[in-house]
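K.L.:
Listed below are the residues making up each chain.
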Amino acid sequence: MTEEIIIAGFGGQGVLSMGKILAYAGLMEGKEVTWMPAYGPEQRGGTANVTVIVSDSPVSSPILSSYDTAIVLNQPSLEKFEPKVKPGGTLIYDGYGIPEPPTRKDIDVFRIDAMDAAAEMNLIKTFNMIVLGGLLKIHPVVGIESVLAALRKTLPERHHHLIPKNEEAIRKGMEIIKKL
Amino acid sequence: MTREEIIEKGQLVYKKPTLLNDTPMHYCPGCSHGVVHKLVSEVIEEMGMTDKTIAISPVGCAVFAYKYIDVDWQEAAHGRAPALASATKRLWPDRLVFTYQGDGDLACIGTAETIHALNRAENITIIFINNAIYGMTGGQMAPTTLLGMKTATCPYGREVKLHGYPLKITEIAATLDGTCYVTRQAVHTVAAINRAKKAIRKAFEYSMQGKGSNLVEIVSTCNSGWKMSPEKANKWMEENMFEFYHLGDLKDTGADK
Amino acid sequence: MADQEITLMKGNEAIAHAAIRCGCDGYFGYPITPQSEVLETLAEQKPWETTGMVVLQAESEVSSINMVYGGACTGKKVMTSSSSPGVSLMQEGISYMAGAELPALIVNVMRGGPGLGTIQPSQSDYFQACKGGGHGDYHLIVLAPASVQEMADFVDLAFTLAFRYRNPAMILADGAIGQMMEKVVLPPFKPRRTEEEIIKECPWATTGRIGGRKPNIITSLELRSEEMEVINLRIQAKYREIEAKEVRYEEFMLDDAEYAIVAFGSAARIAKKSIEIARAQGIKVGLLRPITLWPFPTNEVKALASRVKGILSLEINAGQMVEDIRLAVEGAVPVRHFGRLGGIIPDPDEVVEVLKSSF
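Chains as they are written, first to last, in this note's numbering: chain W, 823 to 1002; chain F, 2 to 258; chain Y, 3 to 361.
Accuracy of the hints is not assured; some may be wrong.
[To be verified] DSS-like, lysine-lysine: derived pairs with alpha carbons at most 25 Å apart:
(1) F/Lys17 to Y/Lys286
(2) W/Lys906 to Y/Lys358
(3) F/Lys258 to F/Lys212
(4) F/Lys68 to Y/Lys247
(5) F/Lys53 to F/Lys199
(6) Y/Lys358 to W/Lys908
(7) F/Lys39 to Y/Lys216
(8) W/Lys908 to Y/Lys286
Rather than coming from a laboratory, the hints here were simulated on the basis of the structure.
From just these sequences and the hints, can you work out the full model?
P.N.:
The following block contains the structure:
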């Protein structure tokens, strides 16, 4: 099994950290993982994307021409990565930042209104975990327990009390993702 | 009377420091380097640091200092001696680490290394020979060349419009929080030599006591570069160099630390 | 800290952790993207409180490399890291260290140039790393990691080679390897050598005249040409020995290959993906990955030329290593180059297209 994922959006949406949690969870399941960010000079704002590859065998290129799954969280990212989803692949998007939805018919398109849900739950910072929950619902690349373990491993101790909130967010994402 | 007989009878009044070896020096007769080499050697010996000294030589006339003083030496790239000394001292904190640099090396190409090593309070000493000229390359203008002074690259005399002002880097060093002892000395008379030796000793001791960085400037002559006899060069130094580069301690916070 | 630890980290972070673990005595560096995490990680880890390793942020790359020069003179395991423009500034110090025959490690996490260029990944410092870079006849031992694991592993290897031959070694990585996170098994802790051990192992070092030995002098200066030639000949003989003994490379799917890609570092990773794609389309292609860029696997590339119909040099530059490949191949088979410039990384599909159109 190899899952090649691109996660793209605005800087500050938690794109890189969502990728990191996913990669870390893969690591904890003994899988081979690669997390390759498109890095830029900006500290905040601007576009951000990260390629995450989770595989049972050694990962070759961290740079890819096409992806099994694209998670896009703003319009420019949709425009950039919709054409790069492999035929039969998956595209997940949040309707909040994407007024013009995807058009391809040869891929599975899912919508997750994570921004709205995060606002409703008053947990705006767990936005990216809602999206991650959506992904795990349709592609259980890693188990939810591994994600929670990854959070424990990567979050500083003083933030560990937030882990239940993150779990809540992941489960919310699993609930609200819907196929179009 | 043989040499041994004289020593036997207790008549030995002066002895070349053991650390200063018998290699003939390449310095011009009358040059201040020889005297300063002797002082440095004496102080290392008197402090009992012969086996614990690591010295850094510059690019310039003192590039071959390693041939004359029998301690371990690192020969640095032009201007970079304080960087070598910083790392060496941090890696070997119980060693006596000093650099020996000229004005071009220290106050021109190596200004950044000098200022930052001093300001980091590296526990080192910089011996700074200021003769206001590039000696080894044949007498070109230095950052410390006085206004009006003629050199190969300011043959009509240094002028502000063309060359800017001479740099008092020792005064700058004294303003840095990292420096402990900053002094300006000379070696043109016996009294001055004695004072200079005390200054070097104090600087070395402060550096071993971990009190911060130390800069000992020695205002020097370059009779070849200045195109004067050694005697005349000394006189010219007194009349001109000391006017601009005042002798004495600029800073000494060693007692407070 | 666990002795041997499996974790997820960036290549730059792996360099820092590996340095602490392999008994490095000192790191001297200056921030520059995309490698600043090396210094940041060291500062965060505070090894001066655990192993006693010195970590110092210098005022410039010029100063960093000369701190490394000073530390290396004393027989300590010292290193710096930077990215392309910073490594350009270091060339003088590197030449001095090669001339004075000093062991040290320089890490270059390459970005695109020339000039200030870009902060995106590139491999355009191959010439600088392998063909001198600074002045004089000299070589660095150059290792090219292709994974975060190799970033960690090559720190100790580079120090080992540097001390074995008293020659500076370089890890030539790029922004992709530096910035990406992968699984890495950190090496076990190795204690720093004691001062007594250093004095014994490095009798040439400027450690002070302990025991009243003769003064040690580290210099690259010798004004007498007859002597300077002797020194140069000795250094060249050392290089020949390194060329004979230290070539390292990896072969991938070459057994039945009709075409070969030669690529190092992240380009080699891309090549592996391209090979998967190409083989699925029936093109028999394999990879030779030089791990040491200097010494270059000249004999292996030459042998390859007798087995394949063509060689593609895949580099993230305008064509640098391709010159060494052509020298090795001596015209036996066509050698093509493909690369992207300015911080663009070629993607696996376009490499496959190039393979198809090149031969």
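K.L.:
Hint by hint, note whether the structure agrees.
P.N.:
These are the hints, each one checked on the structure:
At roughly 78 Å between alpha-carbon atoms, F/Lys17 and Y/Lys286 are farther apart than 25 Å, so this suggested pair is violated. Between W/Lys906 and Y/Lys358 the CA atoms are separated by roughly 22 Å; this keeps the pair inside 25 Å, and the hint holds. For the proposed pair F/Lys258 and F/Lys212, the alpha carbon gap of about 6 Å is at most 25 Å, so the pair holds. Between F/Lys68 and Y/Lys247 the alpha-carbon distance is near 36 Å, which puts this suggested pair outside the 25 Å criterion.
As the CA atoms of F/Lys53 and F/Lys199 are separated by approximately 20 Å, the hinted pair is consistent with the 25 Å bound. The suggested pairing of Y/Lys358 with W/Lys908 holds, with an alpha-carbon distance near 22 Å, which does not exceed 25 Å. In summary, the hint linking F/Lys39 to Y/Lys216 is supported, as the alpha carbons are separated by about 19 Å, within the 25 Å threshold. Using a Cα cut-off of 25 Å, the hinted pair W/Lys908 and Y/Lys286 holds, with the two alpha carbons roughly 24 Å apart.
Figure legend: structure checked against the earlier numbered hints; hints not met, in rising order: 1, 4.
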